[in-house]
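Asker: So the chains spell out like this:
Number of protein chains: 2
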Amino acid sequence: MKRLSILGSTGSIGVQALEVVRAHPDAFQVVALAAGRRLDLLAEQVREFRPQVVSVGKPEGAQELKEWLRGLPVKICFGEEGLGEVAAYPDAQLILLAVVGAAGLKPALAAVRSGKDLALATKEALVMAGALLTSEATARGAKLLPVDSEHSAIFQCLEGGGRAALKRIILTASGGPLRQYPKERLASVTPEEALNHPTWNMGKKITIDSATLMNKGLEVIEARWLFDIDVKRVDVIVHPQSIVHSLIEYVDGSVLAQLSPPDMRLPILYALSYPDRLEHPFPTLDLLQVGSLTFEAVDRERFPCLEYAYEAVAVGGTAPAALNAANEVAVELFLNREINFAQIPQVIEAGLRGHRSRSGESLQDILAVDREVREELSQTYRDKVRQAS
Amino acid sequence: MKRLSILGSTGSIGVQALEVVRAHPDAFQVVALAAGRRLDLLAEQVREFRPQVVSVGKPEGAQELKEWLRGLPVKICFGEEGLGEVAAYPDAQLILLAVVGAAGLKPALAAVRSGKDLALATKEALVMAGALLTSEATARGAKLLPVDSEHSAIFQCLEGGGRAALKRIILTASGGPLRQYPKERLASVTPEEALNHPTWNMGKKITIDSATLMNKGLEVIEARWLFDIDVKRVDVIVHPQSIVHSLIEYVDGSVLAQLSPPDMRLPILYALSYPDRLEHPFPTLDLLQVGSLTFEAVDRERFPCLEYAYEAVAVGGTAPAALNAANEVAVELFLNREINFAQIPQVIEAGLRGHRSRSGESLQDILAVDREVREELSQTYRDKVRQAS
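Line order of the protein sequences matches chains A and B.
In the working numbering, each number is its position in the first sequence, counted from 1, plus 92.
In the working numbering, each number is its position in the second sequence, counted from 1, plus 92.
To be clear, the hints were calculated from the coordinates, so they are not data collected in a lab.
Treat the hints with caution; some may be incorrect.
In this list, chains with the same sequence are indistinguishable; a pair is considered to hold if it fits within one copy or across any two.
In the SDA-like style, the derived pairs of lysine to any residue whose C-alpha atoms are separated by at most 20 Å in a straight line are [to be verified]:
| no. | residue 1 | residue 2 |
| --- | --- | --- |
| 1 | Lys94 | Asp368 |
| 2 | Lys324 | Asp378 |
| 3 | Lys198 | Lys324 |
| 4 | Lys94 | Leu370 |
| 5 | Lys198 | Thr226 |
| 6 | Lys259 | Leu370 |
| 7 | Lys476 | Ala231 |
| 8 | Lys235 | Pro367 |
| 9 | Lys259 | Leu380 |
| 10 | Lys324 | Thr376 |
| 11 | Lys476 | Glu464 |
| 12 | Lys94 | Glu371 |
| 13 | Lys297 | Leu287 |
| 14 | Lys275 | Ser470 |
| 15 | Lys296 | Ser104 |
| 16 | Lys476 | Cys169 |
| 17 | Lys235 | Ile321 |
| 18 | Lys198 | Ala460 |
| 19 | Lys167 | Arg429 |
| 20 | Lys297 | Ser104 |
| 21 | Lys296 | Val343 |
Sequences and hints are given; from them, build the entire structure.
Answerer: Below, the structure is given as structure tokens:
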């Protein structure tokens, strides 16, 4: 239970803050309120949230409020002094400052001077006296927490979201070179077409995987293990520009994303230099030049491979190893022109559903399944090709 | 200096990893390489990067390489055993696994079993044996670092970027209700038009600030203090959908962003619950519904207020307080229909450039400037209005 003092409780931010408090009665308790106007609303807020102290702008207002709130155990004060009392109220742990304009400066100073953390919606205080406020906050160990959505965004990106409150991973997919091909065209796609990736310059295997969306399926499984998350909470979204490389959603609705030009040297550099970051001599992102980032749903009918990955995880055991082996065989057969593009999912489906599953996941089991699936599929499909020719 | 072992050095990822190493000779040293194909390229890599050990696929290849590299102090091995040696090379601190497909599983296991951190480009290893690899890594204290751009993105969002390598802050601006108004229309904009914000539902003062872009100027100054960053490294970009709330760019070219629907309750909830995150009962972001996120440059000619903020910071001392006071006066005059919309920047300019600057930043100085600017501007502009009528 965090005890809050809210200055500017009848303004736009104050009202929305009390909505947040109302939605989380176990997390927050309002111990002090201050408002300059809308005394009727303030009186309602006092009745609902039961603060210990409340401050209004003028002595007449305080008098009026006293009459309205007769019988309630609340101290009523007013003016600059009252605002100061609410801003540094000893029982409060966090002060939300949401008064309009320069009037917020003195209460902001009072809050940080009392060593309280300050959630700052009144940007004017920092504009007027940034050096003073930040140095006093540092000296007293008071945190400045931004409420402005922009600065909250920056703060969250700097801090990172952590894993505890992670709700969902959203993997982005370029959609590959065949994103806009109608279903009936897929059977006649050549290896050259499938290898012509629109945004990424990669090896052959992964480029074909990208064309079938099997790559995204493998990435769903990869995410399951890297981030210890149920695949039900791993979604895929098509983002043709390959600028947003993936997103994570938190339980509070906040989404974090990482962006850069589609250049594999960037994630390589990050992995090699982690936990540091090194200067990067390659071209960087220019959002003005990019102009627009678009998102669309995956067409799971034209590209069924993604589903097989979810299926493999649901089956468990050695099923993902069978899926992977079947996919490697299928890609090789396709690159050798032994099957057509539309047959790739068929080979994968056959490998996944036909394999003798082992519940164990020892290296021996995994390698045995890998070998069996490869042998069986290669035989089956080469025989088919032989019969057909 | 981090000592690297790279498996799959002649593939797409391997070649790009060596580009990264080449760009950072003081940060990385290659101590081991392995490749299955393209022996000529491998020989070149050995000559350039001078690893202590190198492995190829087949004994014939090893023999050939030995002849090419005669005289160089490099141990040459081959096959599964050679790959295992490079994967767990004792002198290496980080193993980059970038071989294609299932062939990566055994080296991945060898790397984590030797307790080495593993930068993983071969997703197939995790797909086949995720449980085994992750449990062995945990048992030996080996980190798994994703190289796939998607998983790198997720990893970076979870970790956050920190402040040390921060290069630039990019504040997004909706552009306000007048974003598409031609310059000659601005003088006749009514308070009602300026208060009609396209994406955010906010108080009057901030909504007018948003229409003039002064709000973004104040936010630039706010960012300067909250994140202790030179305003030269704080940029502004117009993003009309107000979904991406701001972005940060790191020295390595990676950009992190935070997204959510434009609902102030989200940053309020985050500020109140920080460092925890609480479940959020309000509507969350649906990128499929949003469809497109667009970005455009700020028109600094039509909206000069943003520049005044940079100017105020450059002047320093009490100039930002003068800027703020002038803006508060201007907004009030506009809302009271005493000046027109196009005069708002004029009032701000007059307040900023006309004020008697104080180099000190004591509360007393700041409050004195605030008072002086207000008195002077109110007088000047009310006199003007009186003369005109």
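Asker: Compare the structure with each hint and give your call.
Answerer: Structure-based check of each hint:
Taking the shortest Cα distances, Lys94 and Asp368 sit within 20 Å of each other only across copies (11 Å), while inside one copy they are farther apart (35 Å). In this homomeric assembly, Lys324 and Asp378 come within 20 Å of each other (Cα to Cα) only across copies, at 17 Å, whereas the closest approach inside a single copy is 34 Å. Neither within a single protomer nor between protomers do Lys198 and Lys324 lie at most 20 Å apart by alpha-carbon distance, with minima of 50 Å and 29 Å respectively. For a Cα distance limit of 20 Å, the shortest separation of Lys94 from Leu370 across copies, 13 Å, qualifies, whereas the shortest one inside one copy, 39 Å, does not.
Taking the shortest alpha-carbon separations for Lys198 and Thr226, only the intra-copy value of 14 Å comes in at or below 20 Å, while the best inter-copy value is 53 Å. For the identical chains of this complex, Lys259 and Leu370 are inter-copy neighbours only, at 11 Å across copies versus 30 Å inside a copy, given an alpha-carbon limit of 20 Å. Within a single copy, Lys476 and Ala231 get their C-alpha atoms no closer than 78 Å, and across copies no closer than 46 Å, so neither meets the 20 Å cut-off. Only between protomers do Lys235 and Pro367 lie at most 20 Å apart by alpha-carbon distance; the minimum there is 11 Å, versus 25 Å within a single protomer.
For the identical chains of this complex, Lys259 and Leu380 are inter-copy neighbours only, at 18 Å across copies versus 31 Å inside a copy, given an alpha-carbon limit of 20 Å. Taking the closest pair of Cα atoms, Lys324 and Thr376 come within 20 Å of each other only across two copies (18 Å); inside a single copy the shortest separation is 34 Å, beyond that limit. In the homo-oligomer, the alpha carbons of Lys476 and Glu464 lie at most 20 Å apart inside one protomer (18 Å), although the nearest pairing across protomers, at 90 Å, exceeds that limit. In the homo-oligomer, the alpha carbons of Lys94 and Glu371 lie at most 20 Å apart only across protomers (16 Å), although the nearest pairing inside one protomer, at 41 Å, exceeds that limit.
Taking the shortest alpha-carbon separations for Lys297 and Leu287, only the intra-copy value of 9 Å comes in at or below 20 Å, while the best inter-copy value is 55 Å. For the identical chains of this complex, Lys275 and Ser470 are neighbours neither inside a copy (26 Å) nor across copies (69 Å), given an alpha-carbon limit of 20 Å. For the identical chains of this complex, Lys296 and Ser104 are inter-copy neighbours only, at 9 Å across copies versus 55 Å inside a copy, given an alpha-carbon limit of 20 Å. In this assembly of identical chains, the alpha carbons of Lys476 and Cys169 never lie at most 20 Å apart, being 89 Å within a copy and 40 Å across copies at closest.
Taking the shortest Cα distances, Lys235 and Ile321 sit within 20 Å of each other only across copies (17 Å), while inside one copy they are farther apart (32 Å). With identical chains, the CA atoms of Lys198 and Ala460 are at most 20 Å apart between copies only, with a shortest distance of 13 Å across copies and 72 Å within one. For the identical chains of this complex, Lys167 and Arg429 are neighbours neither inside a copy (83 Å) nor across copies (39 Å), given an alpha-carbon limit of 20 Å. For a Cα distance limit of 20 Å, the shortest separation of Lys297 from Ser104 across copies, 11 Å, qualifies, whereas the shortest one inside one copy, 54 Å, does not.
With identical chains, the CA atoms of Lys296 and Val343 are never at most 20 Å apart, being 38 Å at best within one copy and 31 Å at best between copies.
Comparing the model with each numbered hint stated earlier shows that hints 3, 7, 14, 16, 19, 21 do not hold.
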